[in-house]
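In order, the protein sequences belong to chains A and B.
Numbering follows the working numbering, in which position 134 of the first sequence is assigned residue number 134; successive positions increment by one, without gaps.
Numbering follows the working numbering, in which position 18 of the second sequence is assigned residue number 18; successive positions increment by one, without gaps.
Think of the hints as simulated: they come from the structure by calculation, not from any bench.
As the structure is a prediction and not an experimental result, all values here were calculated from the model.
Treat the hints with care, as some may be off.
On the chain A side, residues computed to face chain B include the following (Cβ under 8 Å) [to be verified]:
1) TYR73
2) TYR94
3) LEU99
4) ASN194
5) GLY202
6) ALA205
FRET-style restraints, in silico, Cβ to Cβ [unchecked claim]:
7) PRO19(B) x THR157(A): 55 to 61 Å
8) ASP160(B) x ALA203(A): 17 to 23 Å
9) GLU51(A) x THR267(B): 25 to 31 Å
Computed list of lysine to aspartate or glutamate pairs in DMTMM-like fashion (alpha-carbon distance at most 25 Å, straight line) [stated by the list, open to error]:
10) LYS18(A) x ASP186(A)
11) LYS63(A) x ASP119(A)
12) LYS63(A) x ASP92(A)
13) LYS138(A) x GLU182(B)
14) LYS18(A) x GLU210(A)
15) LYS138(A) x ASP63(B)
16) LYS115(A) x ASP45(A)
17) LYS138(A) x GLU189(B)
18) LYS115(A) x GLU152(A)
19) LYS138(A) x ASP185(B)
20) LYS138(A) x GLU182(A)
21) LYS63(A) x GLU152(A)
Glycine included, each C-beta is placed from N, C-alpha and C at the ideal position.
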Amino acid sequence: MEGLPRAGRDVLTLAVPKGRVLRALAPLLARVGVDPVTVLGEGEDRRLIREVPALGWRLLLLKPDDVPTWVEYGAADLGVCGRDVLLERGFDLYQPLDLGVGRCQMVVATRQGMKTLPDPPRIATKYPRCAAAHFASKGIQAEVIYVQGSVELAPLTGLADAIVDLVETGETLRQNALEVREVVFDVSSVLVANRAAYKLRGARARAAVEAFRAAFDTEKSP
Amino acid sequence: MTKTALDHPLPAGMRDLLPEETFVRRAIGRVFLERAELCGYEHVIPPVFEYAETIERGLGTLDPREIVRFVEPETGEVVALRPDVTPQIARLLATRLASRPGPYRVAYDASVLRRRSGSRARTHRQIAQVGAELVGAEGPTGDLELLVLAATALGEMGLDAFTLDLGHADVVRALLVDVPSELRDGVVETLAAKDGARLAQLLPLSLSPTIREALLALPELHGAPSILEQLPAALAEGPARAAIASLRELVVALQSSLTAHGVRGATLSVDLGEVRGHAYYTGPFFQLFAEGPGVPIGGGGRYDGLLARFGRPLPATGLAFDVDALGWALRASGSTLVRGNARYVIVAGEGAETFATDLRMTRIPAIVLPEAEATAYAGAWGYSAVVRVHGEGIHVDAVPGNAVSAVSASFPRKEALRRLAGGSSA
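Required output: the full structure, derived from the provided sequences and hints.
Structure representation (structure tokens):
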């Protein structure tokens, strides 16, 4: 029934995002004691589980948005995920540490030079809850249109008046003739922890959090 | 096309329990209610829905948005499917049981229904609970009684390791008094996430250094009870002093009580920064954790403010287990409670009915089936063994993989009866 043995009382399971975020995270993991080769693999390494025997850890490689799900259900003890996902989907997790990796901003953007947003505005976004909550906090009942990608296209084609999206450098906005109108919140990667794991394997979980904190502090002040 | 299960779907969040799951749920309920009854807790069965006003008046830690309400056709009144049993018990104590003397000890085994908004698939909407309320018993004695009840019941269920995590609602409450009211929700939210960095950003510079230092220490103050001995002065001597002292006393009393009751497998921990339900609780509160489900298997605490809302101000403390989470934890720990009972298929023939009757006399389930069906039926329905009666000789064929271990062998009738009734034919 259970193909993979569930994390026992001895192994600490850490859910990490695959891809771009993982490459950004690798230096921090290296300082914690995880060999970058273990996380990033060599050549065509498609294994989704990587053991780190030296630390007694098991890493699960997941789609970034799925990390908090694994952790909330307790299939992973700790995880690394973006604050955007946490705010959009509202998980009940401990968030003991901001890792400062993958910094970007959730913004409202419109076509360059647009003067005022119509009321109610139509907003295209991958983050419907964040978008609705942001406008609701200003007393504006926005019409939120959920799209999965190419969000920047929405204001250009008349699908929406504005977008709510993550912006890292702003290059995509510029190339699509959009500009930031306001910042909704700052985003970076957060270390999250399952509540039961924190209670049941508290010493181990807290030691892992402290290792990340130490690694983060040395990175900040090299 | 043939009919599939999807032709008869269930509403989201609803589910059936098949025999194996039903067995686990009933076993948990039985052990808990028996233990509670031995300690004087009387079993009550409140109705599935009642007037929304009653439920909402007694709402504890739940968000009112979690209540499923509808208009009752007979009266046109708004009623609510109970999201929690505690308001119903409060109503009972304020009305029908009011003439009996306290303290009141009541226990229940009931399903509650909660709406879940958002994208999370996390929780079943229908949640099976067993719980107990102790009303009219003040302070540490009452708190201790329910904690010991929780721990002894878990021990009797065969849970070999669990963590009892204690907090005190007045720790955070005392510190929040000086925090500007518009910031309190944010402070509670960051404490709930143990997010020290965001908490530090939230706290205004105008806050007194003692309160600030105490609040900022909370996200790290969880773990073994020994942390209570090394608290920063801002906590040990600040406004939270009294709450911390009473928590410390409860921990000491609980440790010796658990030893006295022979409870093994319980690990005590404390969490001074715990805020879940802190607005409702008025004293010590707790959550129970065990390996497996990834969520608490139960929890409770002191809620001295609730009964007054029903016109009978009385101190109260409560406990509830999430039966599904607890069942998961019991399976993960290998508890024998969740293994099915020994049950037998007797192959039809001379003497079969008599042998089945003899087994039933010893409280062992047995059914009689024709030879052609016996083996496949026993396998599909989780029977322990197929039994063939040959006059005074009984042949037992174990069903591989089924709940209770049995070996295949022949025995004289009396010996067979003794072994099968003993729950094992080995």
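(request) Quickly compare the C-alpha distance for LYS138(A) and GLU182(B) to 25 Å and report which way the hint goes. (result) Within the cut-off at roughly 17 Å; holds.
(request) Would you check the hint for LYS138(A) and ASP63(B), treating anything up to 25 Å between C-alpha atoms as holding? (result) Measuring from Cα to Cα gives roughly 23 Å; hence the hint holds.
(request) For the range 25 to 31 Å, tell me whether the beta carbons of GLU51(A) and THR267(B) fit it or not. (result) For GLU51(A) and THR267(B) the Cβ distance comes to about 27 Å; the hint holds.
(request) Using 8 Å as the Cβ threshold, decide whether TYR73(A) counts as touching chain B. (result) holds (5 Å)
(message) Tell me if the straight-line CA distance from LYS115(A) to ASP45(A) falls inside 25 Å.
(response) violated (50 Å)
(message) Hinted pair, alpha-carbon criterion (25 Å max): LYS115(A), GLU152(A). Please report holds or violated.
(response) Status holds; Cα separation ~18 Å.
(message) What's the verdict on LYS18(A) and GLU210(A), does the C-alpha distance respect the 25 Å limit or exceed it?
(response) It holds: about 23 Å lies between the C-alpha atoms, which stays within 25 Å.
(request) Indicate whether the distance between the beta carbons of PRO19(B) and THR157(A) respects the range 55 to 61 Å. (result) holds (57 Å)
(request) Under 8 Å, Cβ to Cβ, is where GLY202(A) needs to be relative to chain B, so tell me if that hint holds or is violated. (result) holds (5 Å)
(request) Using 8 Å as the Cβ threshold, decide whether LEU99(A) counts as touching chain B. (result) Constraint on LEU99(A) not satisfied, violated at 11 Å.
(message) Would the hint linking LYS138(A) and ASP185(B) be met if the CA-CA limit is 25 Å?
(response) This hinted pair holds, its Cα atoms lying about 18 Å apart.
(message) Would the hint linking LYS18(A) and ASP186(A) be met if the CA-CA limit is 25 Å?
(response) Distance ~22 Å between LYS18(A) and ASP186(A) Cα, so the pair holds.
The structure is inconsistent with the numbered hints 3, 6, 11, 16, although it conforms to all the rest.
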